[in-house]
Structure formats: structure tokens, C-alpha cells
Amino acid sequence: MTSAFPTLDEAQEKRIAAVHGGFLYQHLFAVGCMLKAQAANVVQVVIERDEDVEIVLSNCRVYVQIKTRSNPLIPSDIDTAFERFEKLRLEHTEGRRQGKALFVVASNQPPGPKLTRSIATGDIADDVQFLYPGQPAPQELTCLPECWKDLKDAVEGCTKLASQVPHAMLIPDSLVWKLAGRVLAAATGSKALGGYAFDSEILPELFEQLLTQLQGFPAPLPGYRPQIDEPAFISDHRIRIVCGFSGAGKTSWCAHTAMHSPERCIYFNASETAGAAVTSSLVREIGGSLTDRPHEIREMFAPGASGVDGLNALDRYLQAQGMRPIVVIDNAHEIPAKDLLTVFANTANLRFIILCQPTGSTQEIEQLSGVRREVLLGWDLDTLASEAAQLGAYGNVATMERLRQMTGGLPLYLQSASRLAAQDYGGDLDSLCDALDDQSTLDTTAQQIILTRVFAGLPEASQQVVSFLSMVDVVITTAELNTLMRDYKQMTPREVAGAIRSLRPLGILEVFGSQELKIHDAMRIVGASCLLEAPEDTVIRAKTVLKDFLHDSLVNEQNRHRFSLYVRTLVDVGETEIIIDLAGEEMFQEMGLGEIFGASLEAASSSLDLSAESRFWALDALIFMIRPPSDPHKILGYLACMAQLMSENQLSDRAVMSYHQKNMSWHGFQKNVSGVYESIERAKQSPLLSAGHLRILYYNAAVALWRSGENSKSEAIVSKVIQEYLDLLGISETWILGRAADKVAHFFEQSSADSDDVKHLADAFEMKSILMKERRTNPITFRLFAFKLYICISAYSSAVRLGLDAAQDMLDRHDFDAARGMLADTVLPLIRHAKLLDELNSARSFYAVILAYCSQFDAAEQEMARIEPYRGGFTEAQREEFDGQDALIKELRNASLQIR
Numbered sequence: 001m002t003s004a005f006p007t008l009d010e011a012q013e014k015r016i017a018a019v020h021g022g023f024l025y026q027h028l029f030a031v032g033c034m035l036k037a038q039a040a041n042v043v044q045v046v047i048e049r050d051e052d053v054e055i056v057l058s059n060c061r062v063y064v065q066i067k068t069r070s071n072p073l074i075p076s077d078i079d080t081a082f083e084r085f086e087k088l089r090l091e092h093t094e095g096r097r098q099g100k101a102l103f104v105v106a107s108n109q110p111p112g113p114k115l116t117r118s119i120a121t122g123d124i125a126d127d128v129q130f131l132y133p134g135q136p137a138p139q140e141l142t143c144l145p146e147c148w149k150d151l152k153d154a155v156e157g158c159t160k161l162a163s164q165v166p167h168a169m170l171i172p173d174s175l176v177w178k179l180a181g182r183v184l185a186a187a188t189g190s191k192a193l194g195g196y197a198f199d200s201e202i203l204p205e206l207f208e209q210l211l212t213q214l215q216g217f218p219a220p221l222p223g224y225r226p227q228i229d230e231p232a233f234i235s236d237h238r239i240r241i242v243c244g245f246s247g248a249g250k251t252s253w254c255a256h257t258a259m260h261s262p263e264r265c266i267y268f269n270a271s272e273t274a275g276a277a278v279t280s281s282l283v284r285e286i287g288g289s290l291t292d293r294p295h296e297i298r299e300m301f302a303p304g305a306s307g308v309d310g311l312n313a314l315d316r317y318l319q320a321q322g323m324r325p326i327v328v329i330d331n332a333h334e335i336p337a338k339d340l341l342t343v344f345a346n347t348a349n350l351r352f353i354i355l356c357q358p359t360g361s362t363q364e365i366e367q368l369s370g371v372r373r374e375v376l377l378g379w380d381l382d383t384l385a386s387e388a389a390q391l392g393a394y395g396n397v398a399t400m401e402r403l404r405q406m407t408g409g410l411p412l413y414l415q416s417a418s419r420l421a422a423q424d425y426g427g428d429l430d431s432l433c434d435a436l437d438d439q440s441t442l443d444t445t446a447q448q449i450i451l452t453r454v455f456a457g458l459p460e461a462s463q464q465v466v467s468f469l470s471m472v473d474v475v476i477t478t479a480e481l482n483t484l485m486r487d488y489k490q491m492t493p494r495e496v497a498g499a500i501r502s503l504r505p506l507g508i509l510e511v512f513g514s515q516e517l518k519i520h521d522a523m524r525i526v527g528a529s530c531l532l533e534a535p536e537d538t539v540i541r542a543k544t545v546l547k548d549f550l551h552d553s554l555v556n557e558q559n560r561h562r563f564s565l566y567v568r569t570l571v572d573v574g575e576t577e578i579i580i581d582l583a584g585e586e587m588f589q590e591m592g593l594g595e596i597f598g599a600s601l602e603a604a605s606s607s608l609d610l611s612a613e614s615r616f617w618a619l620d621a622l623i624f625m626i627r628p629p630s631d632p633h634k635i636l637g638y639l640a641c642m643a644q645l646m647s648e649n650q651l652s653d654r655a656v657m658s659y660h661q662k663n664m665s666w667h668g669f670q671k672n673v674s675g676v677y678e679s680i681e682r683a684k685q686s687p688l689l690s691a692g693h694l695r696i697l698y699y700n701a702a703v704a705l706w707r708s709g710e711n712s713k714s715e716a717i718v719s720k721v722i723q724e725y726l727d728l729l730g731i732s733e734t735w736i737l738g739r740a741a742d743k744v745a746h747f748f749e750q751s752s753a754d755s756d757d758v759k760h761l762a763d764a765f766e767m768k769s770i771l772m773k774e775r776r777t778n779p780i781t782f783r784l785f786a787f788k789l790y791i792c793i794s795a796y797s798s799a800v801r802l803g804l805d806a807a808q809d810m811l812d813r814h815d816f817d818a819a820r821g822m823l824a825d826t827v828l829p830l831i832r833h834a835k836l837l838d839e840l841n842s843a844r845s846f847y848a849v850i851l852a853y854c855s856q857f858d859a860a861e862q863e864m865a866r867i868e869p870y871r872g873g874f875t876e877a878q879r880e881e882f883d884g885q886d887a888l889i890k891e892l893r894n895a896s897l898q899i900r
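Position 777, counted from 1, in the sequence shown is what our numbering calls 777; the numbers after and before it change by one each time, with no gaps.
Hints listed in this document are in silico derivations from the structure and should not be mistaken for laboratory results. By construction, the Cβ of each residue, glycine as well, lies at the ideal position given by its N, Cα and C atoms. A hint or two may mislead.
Said to hold, decoys possible - Once the Cα atoms are required to be at most 20 Å apart in a straight line, the calculated SDA-like pairs of lysine to any residue come out as: (1) 338 / 322; (2) 100 / 134; (3) 518 / 375; (4) 67 / 39; (5) 160 / 39; (6) 684 / 729; (7) 114 / 101.
Said to hold, decoys possible - Cβ pair distances, simulated, as ranges: (8) 815 / 625: 34 to 44 Å; (9) 236 / 86: 16 to 26 Å; (10) 83 / 189: 32 to 42 Å; (11) 119 / 229: 43 to 53 Å; (12) 518 / 189: 44 to 54 Å; (13) 86 / 825: 17 to 27 Å; (14) 228 / 479: 28 to 38 Å; (15) 713 / 644: 39 to 49 Å; (16) 392 / 739: 44 to 54 Å.
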């Protein structure tokens with residue numbers, strides 16, 4: 001799993017990851033020693049005393065220094081270890097420690113050239129051995145596991161050793177992780193956790209105890225995938241509540257994290273356990289898991305003893321043994337709250353993790369215990385894509401995000417949807433999402449089955465609120481919900497408040513602060529189903545109410561996410577004239593929403609119900625959306641239709657001028673210089689040509705001339721346009737250079753600058769940077785000017801494009817660290833913030849290439865591996881780009897190896 005955003009300090013993240021990776025490798029090496037101890041006649045395995053691991057044999061003590069490195073070992077890696085070896089050697093030769101001393105450097109890397117020469121020439125003492133992958137251990141060191149090249153191999157190696165432990169209910173990888181937890185605890189030296197050493201004679205009993213504890217837990221799923229910011233299994237709180245819908249992955253999380261925990265863990269499934277029987281059942285389950293000597297716990301099961309008596313006896317036993325095990329109670333919502341509170345009150349030496357659904361007694365348990373629930377946040381996009389690909393489904397990033405929103409990211413729901421896509425839609429998740437939207441799937445998903453039951457149990461007012469909010473994927477306030485439900489169903493604020501109170505503890509409404517709320521994404525599909533079953537006029541009324549509300553709220557305050565919902569709602573209610581007006585706006589295109597309007601604009605462009613002027617602007621918007629020359633035939637067709645409308649109708653001067661500019665751009669793509677100049681002259685004849693229109697015309701002329709190969713003429717024009725915009729805005733290039741983006745944005749806000757003028761200046765800077773690069777002059781300053789201005793006005797699509805171009809400039813100048821910072825710190829977070837998901841994987845694969853140029857080859861390959869599951873949803877061009885980036889990374893790694 002990967003985090004949703006790059007870290008603030010990438011270098012620190014890598015240092016921390018390397019440190020923890022080294023510790024984990026060391027702990028797994030110690031686990032391997034423990035698993036080999038009996039067969040190798042080991043007396044004791046000692047953790048983190050004089051050396052990382054010490055193996056005590058009857059006549060010898062082996063001191064092991066464990067090193068993980070990305071390159072072969074060099075002398076400075078082991079200098080301090082050799083100094084310590086010398087002191088330890090003296091301890092043995094002078095008799096203060098018994099037996100012979102042997103010293104081992106165990107590493108995932110072989111010795112480098114200098115160390116290899118030192119070994120060959122005898123400069124290193126004979127009692128020091130180097131062990132590394134592929135190097136067989138001498139006979140006297142068979143007590144040690146083999147070394148592994150990485151953590152994956154380490155886990156596999158330990159699991160292979162664990163599989164040889166004789167136990168009827170053996171789960172090898174579970175035993176490995178439990179032992180790793182015990183090694184971690186031993187490294188602290190805590191007496192309460194067993195101290196530093198493991199005596200070989202007690203290891204079989206320890207294995208038995210750990211496996212017995214794990215027996216009660218559901219078997220961890222193979223290939224468990226962590227969720228976003230999962231809660232830790234161990235915390236400072238004695239009582240915890242982990243709550244979520246059925247299918248949220250609570251039990252899987254618990255089974256997986258318990259496997260890695262060094263603590264004593266006991267699993268109890270409360271399903272179908274009568275309230276009165278809970279205490280006695282718990283006592284039996286816990287007591288049986290803690291000891292195999294029944295006489296020690298006889299008091300708990302004395303004849304006539306009540307459940308509370310048993311709990312008290314259990315608590316005394318735990319206190320005497322110094323134990324504080326963790327008890328996981330699954331399906332706790334089925335236990336009456338008062339019975340569970342009795343258990344908590346009488347067991348001070350037990351810690352509890354309560355797994356429950358947001359139904360039954362859950363709300364009462366929270367209120368009476370004062371414990372606030374924790375939730376699992378679902379899978380992130382990369383995890384979702386990996387799981388979907390494994391189940392035979394595919395989609396691009398936008399489709400995966402669409403599915404994640406539909407399912408709330410809950411594992412069971414995502415798996416069910418992916419299987420359905422593979423079964424009925426050839427694996428195409430986009431087609432499945434369309435069918436789920438239309439409620440036209442032939443089979444029912446697990447999500448629909450589970451949550452339909454929840455929905456059916458709601459009061460009618462709550463059902464109405466859920467149905468309406470299924471259309472609303474943005475946060476709204478309580479006051480806004482009151483307004484919406486009043487206009488839609490004439491509900492009073494009191495009725496709305498009652499619905500909120502019933503929905504919130506069920507997890508259907510997510511409440512932020514005290515006044516903002518949003519429906520849980522997973523519930524949206526069920527509410528939408530109910531809304532679609534309503535009469536058509538009811539559905540139209542609901543969407544019209546939402547449309548009007550969004551329009552009014554956007555007038556008062558600009559909100560990108562609400563605007564996106566507003567656009568989709570306009571399409572649903574068929575507001576064609578508004579759609580045409582919006583589609584031609586530059587800032588609308590910057591938000592990546594153009595495709596939503598595509599079908600509506602196509603229909604409008606030939607609709608006889610609309611005026612010729614409206615049809616013209618629908619065609620104009622379609623050309624604007626195409627981004628030529630991606631589909632030249634379509635553009636030519638649109639231009640021909642626009643010309644026909646102009647010849648047959650008296651269109652506005654604004655329309656005529658726009659046509660000539662679109663035609664000029666087309667001639668530029670065709671490298672028709674005379675056509676460009678002819679279009680410029682025609683546009684200049686417009687009576688609308690104000691100073692502002694003239695600046696726009698000249699900018700477009702500069703772009704068309706550049707495309708025609710007239711670079712010098714283009715640069716002269718665009719430089720003039722830049723100066724005019726700078727004068728208009730009251731700034732200079734030097735002024736921009738010396739200020740951060742937020743300061744620039746504040747200035748524009750205070751001076752009431754027109755955002756269109758700011759954007760046009762940014763466009764001109766971008767054009768200037770392109771022309772400079774083509775004449776082999778460093779364009780980075782002008783590129784960053786444009787980037788800064790785009791950020792100021794939230795022109796995120798252009799900002800991302802400029803950020804990527806700036807990173808390429810840095811790469812061309814071999815400033816690899818700056819390029820990496822540009823992507824990691826700025827561009828990738830911006831793409832995610834603005835939800836420009838179609839840009840994400842291209843930017844990530846470029847980032848992987850930059851990592852390779854920074855010699856971070858493992859990180860580069862890991863990034864490409866995280867992108868790989870999206871491959872099924874790539875276009876042919878995206879596939880070629882990805883394969884090219886992948887090949888370049890491999891080429892860079894091979895070149896680096898040859899240099900070494």
C-alpha cells in the first residue's frame with residue numbers, strides 16, 4: 001500500500017524506511033536462529049546485548065553483527081563492529097567468558113573489493129566469518145540461517161523453517177510474525193516481556209503457546225492488503241471499539257495484525273452468544289487459551305460460581321502471572337451493552353478490542369463506556385487496482401476512483417464488484433460502474449445485499465434523506481440539508497434532525513465537526529436505487545432542487561467540488577443553454593470536466609430546438625475540448641458546420657471572431673502560414689476588437705505561427721503580449737520572481753485582478769518558454785512564472801502540464817534532485833488535490849524515471865510496479881509510454897551496474 005500523498009520530507013522518509021527495514025531484517029534473522037536452535041543444539045539465543053544476535057552453544061558463543069545495505073560492504077560499514085569483536089575476543093581469551101568466541105558479519109550484500117582483498121590476504125582474523133546470500137555457512141555455523149537479499153526473501157526463508165515445526169494447526173507465516181514480535185520485545189530487555197534471552201529448551205513450548213493463541217483467530221487471508229492508515233493493534237487504551245459495516249474488513253485486519261503482535265491475544269466470536277452466557281463463555285475461552293494446566297484456573301469454574309465470580313478469579317490469576325492479554329471480541333454489537341460493561345468492570349488486567357457493526361448495542365456501548373469508535377478507511381487506489389487486476393478486472397485511474405467511491409473502499413464490496421465485472425462485463429470495471437449507476441446489473445453485489453438490509457430497517461424520513469443524499473458527493477452543512485429536504489419533501493428541521501440522529505450512529509452519515517455531514521460512499525448506491533424506483537417527476541424534482549441549491553451556493557462561494565457536482569446535475573436535468581455557456585469557459589476546461597458535457601454538446605450542435613447561435617457555441621466548445629491535433633477530421637467537420645451556420649444565419653460579431661480564431665489555430669496545425677495570416681486579418685476586422693480582445697488575438701496568432709514554424713515572428717508577438725499583460729496587472733517579471741505563489745495570489749485578490757488576464761499572462765509565459773527551449777535557451781524561469789500564475793488562479797490542469805515540463809527542463813540540465821522535488825512535492829500532490837486522475841499514472845511513471853536518474857532504482861521499480869495493475873485500462877499511447885519508461889529505468893540501472 002502507498003500513501004495518498006508524497007511525504008513532506010522524502011529524504012527523511014527514505015532514511016526512516018531504511019532504518020526500520022534493517023531492524024526487521026535483523027529480527028527475522030533472529031527468528032531464523034530460534035527456529036534452527038533445537039536441531040543445532042543451541043543452548044540460548046540472545047537478542048541485542050553485546051551484538052545484534054548471540055548464539056550460545058555448549059562450548060562456543062557466536063556473536064553476529066547484521067548489516068543491510070544497498071551496495072556491497074565497505075570497511076567503514078564494519079569498523080565499529082571489528083573494534084567490538086576485539087574487546088569480546090579478549091573477554092574470552094582472558095577467561096571472563098567461557099568457551100570459544102566466533103564472530104560473524106551477516107549481510108544481504110557481499111563484501112566489496114577492499115574487504116574481499118583483506119579477507120584473501122589474511123588481514124581479517126580467522127575467527128571472523130562473512131555470510132551473505134549464496135555463501136554457504138561453515139559446519140560450525142549451521143546454527144545460523146542463510147542470509148537473504150531482501151525482506152521478501154527473509155520472510156520466505158523463515159516461513160520455510162517454520163513449516164518444519166511439528167504442530168497440527170501450524171500456520172507457518174503466522175508463527176514467523178509472532179516470533180518477530182517476541183524478538184522485538186526481547187530487544188527492549190524488559191523483564192516483564194521475558195528479558196533478552198530465549199532458552200532453547202523452552203522454545204518448543206513457546207511455539208506451542210503462540211500457535212495455540214492463533215488457533216482461535218480466523219485464518220489470515222493470503223496476500224492481505226492493508227487499508228489506509230490502519231489503526232495499530234496495540235495501543236495505550238485498555239478498551240477500543242473498531243466499528244464498520246459488514247464487509248469493512250474488521251476481522252481480516254484483526255487476524256492479520258494479531259499475527260504480527262508480540263502480545264498474548266485471544267479471539268472470541270460473540271455471534272449468537274446469549275447475553276447472560278457472555279461472561280462464562282469468555283472466562284472459558286480466555287482461561288483455556290492462557291494455560292494448559294487446568295488446576296491453575298480451577299477457581300474460575302468452581303461449581304455454583306457466577307460469570308462475575310469467574311471474571312474476578314480470572315483477573316486475580318492474570319495479576320498473579322503478570323499478564324495483560326488482548327481479548328478481541330468479534331460481533332460485539334450482538335451483546336447487550338450492560339453485559340459487556342460488566343466484563344470490562346471486572347477485568348482490570350485484560351485489554352479489549354471490540355469489533356462491531358454500527359447496529360445493535362454499539363451506540364449504547366460507546367455511550368456507557370465513553371470509548372469513541374475507530375474506523376477502517378478502506379483501500380487506497382493502488383491497493384484497489386492490484387486486487388481488481390488479480391480478480392480479472394481492469395480500469396484506468398478514474399474508473400478505479402469511481403469504483404472506490406461507489407463502494408466506500410470497503411474490501412468485501414470491492415472484491416464482489418471486481419468478480420462481477422470479470423464474470424459479466426469482460427473485466428471492464430467502467431462498464432460495471434455504468435450498470436451500477438443505472439441499476440441494470442444482472443447479479444447483486446455483496447454491498448447491495450448487506451446495505452439494502454440496513455436501508456430497509458431505517459425510518460421513512462431517514463430513507464428519504466439517504467435517497468436524496470445519494471446524489472450529493474460533497475460535504476454540506478446541517479442548515480443546507482434542512483433547506484434541501486424542505487424543498488424536496490417538505491420536511492421540517494425537527495424531522496431532519498431526527499433522521500440525522502438515527503443515521504449517524506449507524507455510520508450512514510459521516511459528520512465532520514458539529515455542522516457538516518456527508519453520506520457514507522458505500523451507502524450511496526443503495527440510496528440511488530431507491531431514488532430511481534421513484535416516479536420520474538420525483539426524480540426530476542430532486543435533481544432540480546439540488547441544481548438550484550448548488551447554483552446559489554456557488555454564487556456565494558467558489559467550491560471546486562460543488563462545481564463538479566453542479567456540472568453533472570446540469571447534464572442530468574438537461575440544462576443545455578447553461579451547459580453551452582460553461583463549456584466554452586477556459587477555467588471550466590482547467591477543471592478536467594469537459595468530457596462530462598461531450599454528449600450533451602454533440603446533441604446540442606445539431607438540435608433544431610436551439611438557435612443557430614447556440615448551436616454555433618456548442619460546436620465552438622467541442623473544438624475547444626478536443627485539444628488538436630488529436631482528431632483533425634472531427635475538428636474540420638466542426639469548423640465546416642460553424643462556417644455553414646455563419647453563412648446561413650446572422651450570427652453575433654463575437655461568434656464570427658471566435659470562428660476566425662479557431663480557423664487560425666487549425667491553419668497553424670496544418671502549417672499553413674498564409675492561412676494563419678489570412679485568419680488574423682479577418683479577425684482584426686471585427687467591430688468587437690477591444691484592447692483586451694486584441695491581446696487574446698495576438699496570443700493565439702503567436703501560437704498558430706509557432707505551429708507553422710514561424711518561431712521568430714511568434715516570439716516577438718508573444719513577448720509584446722507578455723509586456724502588455726504585465727502592465728495591465730501592475731507587475732513585472734522581477735516582481736513575480738521574488739514572490740511565493742501565495743503572496744502573488746494575495747496581491748491579485750487585493751487588486752481585484754481579472755483571473756482571465758492572469759491566465760492569459762501565464763499562457764503567454766508558457767508559449768515564451770516553449771520558444772526559448774526550441775532555440776536551446778534555458779526556459780525554466782518562464783516555465784515557473786507560468787506555473788506560479790496558474791496555481792494562483794487554480795488553473796490546475798495547466799499547472800500540472802507546466803510542472804511536468806519544468807521537471808523535464810531540470811532533467812535535461814541534469815538537476816535530478818530538483819526534478820524529483822518538483823514531482824514529489826508539487827506536481828503529484830496537485831494532481832491528487834485537483835482530482836486530475838487521467839494525468840496521474842503518466843506523471844508517476846515520469847517520476848519513476850526521475851528516481852532512476854537519481855540512482856534510486858529500487859524505488860523507481862517499486863513505483864512502476866504500483867502502476868502496473870492499471871495497465872488493463874491504458875490506451876495504446878499510455879501503454880507505449882509506460883513501456884518506454886520501464887525500459888529506460890532498466891537501461892539506467894544496467895548502465896549504473898556497468899560503471900561499478
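These are the hints, each one checked on the structure:
1. At roughly 28 Å between alpha-carbon atoms, residue 338 and residue 322 are farther apart than 20 Å, so this suggested pair is violated.
2. At roughly 26 Å between alpha-carbon atoms, residue 100 and residue 134 are farther apart than 20 Å, so this suggested pair is violated.
3. For the given pair, residue 518 sits about 16 Å from residue 375 by alpha-carbon distance, which is consistent with the 20 Å threshold.
4. Taken as a hint, the residue 67 and residue 39 pair is broken in the structure, with Cα atoms around 25 Å apart against an allowance of 20 Å.
5. With a CA separation close to 15 Å, the supplied pair residue 160 and residue 39 stays within the 20 Å bound.
6. With a CA separation close to 24 Å, the supplied pair residue 684 and residue 729 exceeds the 20 Å bound.
7. Under the criterion of a C-alpha separation no larger than 20 Å, the hint pairing residue 114 with residue 101 is inconsistent with the structure, at around 25 Å.
8. Checking the proposed 34 to 44 Å range against residue 815 and residue 625 shows it holds: the Cβ atoms sit about 35 Å from each other.
9. At about 43 Å, the beta-carbon gap between residue 236 and residue 86 misses the expected band of 16 to 26 Å.
10. Checked against the hint of 32 to 42 Å, the pair residue 83 and residue 189 fails, with Cβ atoms roughly 23 Å apart.
11. Against the hinted window of 43 to 53 Å, the Cβ-Cβ separation of residue 119 and residue 229 comes to about 47 Å, which satisfies the hint.
12. About 48 Å separates the C-beta atoms of residue 518 and residue 189, a value consistent with the hinted range of 44 to 54 Å.
13. Distance hint for residue 86 and residue 825: a CB-CB separation of about 46 Å, inconsistent with the stated range 17 to 27 Å.
14. The hinted range of 28 to 38 Å is satisfied by residue 228 and residue 479, whose Cβ atoms lie roughly 30 Å apart.
15. The hinted window of 39 to 49 Å between residue 713 and residue 644 is violated, with their beta carbons roughly 32 Å apart.
16. A hinted range of 44 to 54 Å for the beta carbons of residue 392 and residue 739 is consistent with their spacing of about 52 Å.
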